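Trainee: Generate the whole structure from the sequences, applying the supplied hints.
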Amino acid sequence: MIIKPESSAALNQLLTSNLDLLQRFMDALPEHCFVKNVRNELLLMNQAGAKMLGSTTSAIRGKHLSTWLNAEHLACIARQDEQVFAQGTTLRFEETLWDASQSLYVRTVTSKTPVFDAQGQAEYVIGLTLDVTEQKCLAAQTSSELHLLEMLAKQTPLPELLEAYAHSFESIFPGVICSVLLMDADGVHLRHGAAPSLPQAYCKAIDGVAIGASVGSCGTAAFTKQAVIAHDIAHDPLWQDYKDLALAQGLRACWSIPILSTQGAVLGTFANYHLQPRSPQPLELQAIQRSAYLLGLVIEHHQISKSLVEQEAALRESEARYRTLVEWSPEAVAVHRAGIILYVNPACLNLLRAQCPTDLIGKHIADILHPDFHEIGLARAQQAMALGIDAPMIEEKLLRLDGTVVDVEIQSAAIVYDGAPAVYVVAHDLSKRLEDQETIHHLAFFDALTGLPNRRLMLDRLQQALASSERKQLYGALLMLDLDNFKQLNDLLGHKVGDQLLQQAAQRVQTCVRKSDSVGRVGGDEFMVLLDTYAYTPSQAAQYAETVAQKILAQLAEPYLLQGKSFTSTSSIGAMVFMQGIENRDDVVKHADAAMYQAKAAGRNTVRFFDPAMQAQAVARAEFEQDMRVGFEQQEFTLFYQLQVDIRGHPTGAEALVRWRSAKRGMVSPLEFIGLAEENGMILPLGQYVLEAACAQLVQWASTPGMAHWTVAVNVSARQFAHVNFVDNVVLALEKTGANPLRLKLELTESMLVKDVDAVIAKMNAIKALGVSFSLDDFGTGYSSLSYLKLLLLAQLKIDQSFVRDLLTDPNDAIIARTIIGLGHSLGMRVIAEGVETVSQRDLLTGMDCDAFQGYYFGRPMSADGLLKTLSKIGL
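Just remember that the numbering used here sits 1197 ahead of the position in the sequence shown, which is counted from 1.
Please note that a few of the clues may not be correct.
Here are the simulated lysine-lysine pairs, DSSO-like style, with alpha carbons at most 30 Å apart [said to hold, decoys possible]: (1) Lys1748 to Lys1787; (2) Lys1960 to Lys1987; (3) Lys1684 to Lys1440.
No wet-lab data here; the hints were simulated from the structure. All values reported here derive from a predicted model rather than from experimental measurement.
Mentor: Given below as structure tokens:
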């Protein structure tokens, strides 16, 4: 439209004479209307336009546009006016303007019409501005949302999706700074999602913030699940703890909406920051809420997709792991469909003796089913395929490719294999189970060292023999035997040599009996021989048992070759003739055992048959052993001391001798209990008691005038010395009592030193390093080798009393005593003689230059108190 000169005159008339009428007319319009001259001076503007500029209709008249607009905007207007006047018609222009009344940028379409004067010169511009913000924003947001969904369909990573949408939203609403925060997996902390225009320092500071009731706009929105509008951060109480952080980055307002899942769970927040304090217009609030809803769908879709991807990956991993387990499974696994084999694992190849999978794949299962199991095997396979159910476990026979038969345990299950129904079969090789059962049976009923039946099996066979004897009215016989002095051999030469002896003895005993007889190892060195005598009378059975026993004695008395050396041993045998009804199983064993101990008491290497007297002895022995254990627990054992003197008769110490003052039996001789203690192992705790008690006595003597220099000699048994903790036990006794180790002397016997000399020397070295000395007891009665005697760390030799007893009447004993004294001195040792009972014996030994004496002549063994009293009486 062109306003012609005549119209221009009319307009001038209106502007001068009817201004108020024209103002009222324009104010009635909702659009922004204005009239300005070519100098950009506003002549007239309606209320809607004045409001947008933040002014009034009267205040703007005659004012230049520069009052409200910057130079860039004025230049834009000049270009528009130039186009309008040049074309001389109405033109439309799209603009983004700041609306002061709403404190936001608005999208507008302005129609400008030129007005020329009578000379055709440009004079005025009449403008009509329409606010199209809502339409433009809705269209732009819809376009942005469609683009977001397209990116989602292309499986764009979530960070890129959020970043792109934030950029798009900021372009739709100029001046907005977008932020997307995502809820952490713990449901407590918000993490950075996207914020392309937010200062990095601020993003870093709020990353990981915990949600709460007063944690700014976003933390509070996530906590309350409601929109939080902070129009002025500086004065909003929700920002009390965070306002300094925000204000430092120029942020003055923040509107935040929680992003929720379809189930109402908080997924994050969508926030708009502004650099000036302001509240959202309805259009802005609607856009934020719409964005939060869409982002909720996008984030939830991403989480579901991620979960599906993870599940698929886990499924693939599970399948791979399961395939690996199947491939490495020790059980045979196969898959077939309608009987045709589709898959076999390596264990299945081994089970059926196949070289490679192609030997089996493609074959029908009927080819490997034993004829006896064709019908049932095929029926089970058909049932599993047709009904899709698992078949119960069953034992079958399979034909291997080499023609042999294998017993297996089969279990089948219906599965889907390569997308179609199939049958999964697991076969367990029963031959291995049978072998295992045989092994278990052998371990349960046979001795691992000798391969003979053990006590359990022998007792079972004895029970059967008793039943058979009653049924057939025949007598049987049981032999119980053990190897004489085996414990000493085992202690001295070691368990390895002892095991060799047991194995050879077992073989020898078996050569002495018939196949119908049984030989078993029932204890350490104890053997049981069950004889089928075929005898109708006890005397016939005893005669056969005697014959077999003598054969065994002879065989076991032959030399053994142990570690390249010849060794001789004997055995003791107890025999018992039995018949069911006369004897029961336990009594037969008990009586045969008692007879064996009677054989030992008779001198060993012999056989004895049970009689009631033997039973009484066995019972007495068991009672004695029990009394001994109770006595030790009740502290009935004590130490006596026998004086030791030097060549001048001055006391130098004493030998500690253990005594048992039994509440039940009275004073018991060591000859009665020491040997038994060696056999049953009580020598270890008893020996430790003696060692500690002797050390405690040393401490008492150390504080007694005239006795501080005394030594105590303590006998050590072979079993005690061989114990792995013996050195530690000596240290324990010394530390426990505080005794001076220089005053302690350990007496060893010759038999203890013949086994593993290097180990003996090492142990003696460790003890000697403590200050303890050693004496060799009963020298000359054992099997000493002079070649290693010089290697032992001995401080003293003790002449055995057997040489001292007949010293005055037997020249040989005198020669032996003189030789021992000379040998000891030449090796740097002192020599003491025990068993000195007369002054003549003392004088003769003194003449031989013997260093010390011990015996009844100087005093009998007595308690420590008794020893002190005796010394006081004689003035020592």
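Trainee: Are the hints correct? Go through all of them and say.
Mentor: To see whether the hints hold, each was checked on the structure:
In summary, the hint linking lysine 1748 to lysine 1787 is supported, as the alpha carbons are separated by about 23 Å, within the 30 Å threshold. Only pairs whose Cα atoms come within 30 Å are accepted, and lysine 1960 paired with lysine 1987 is accepted, the gap being roughly 16 Å. For the hint linking lysine 1684 to lysine 1440, the alpha-carbon distance of about 91 Å lies beyond 30 Å, and the restraint is violated.
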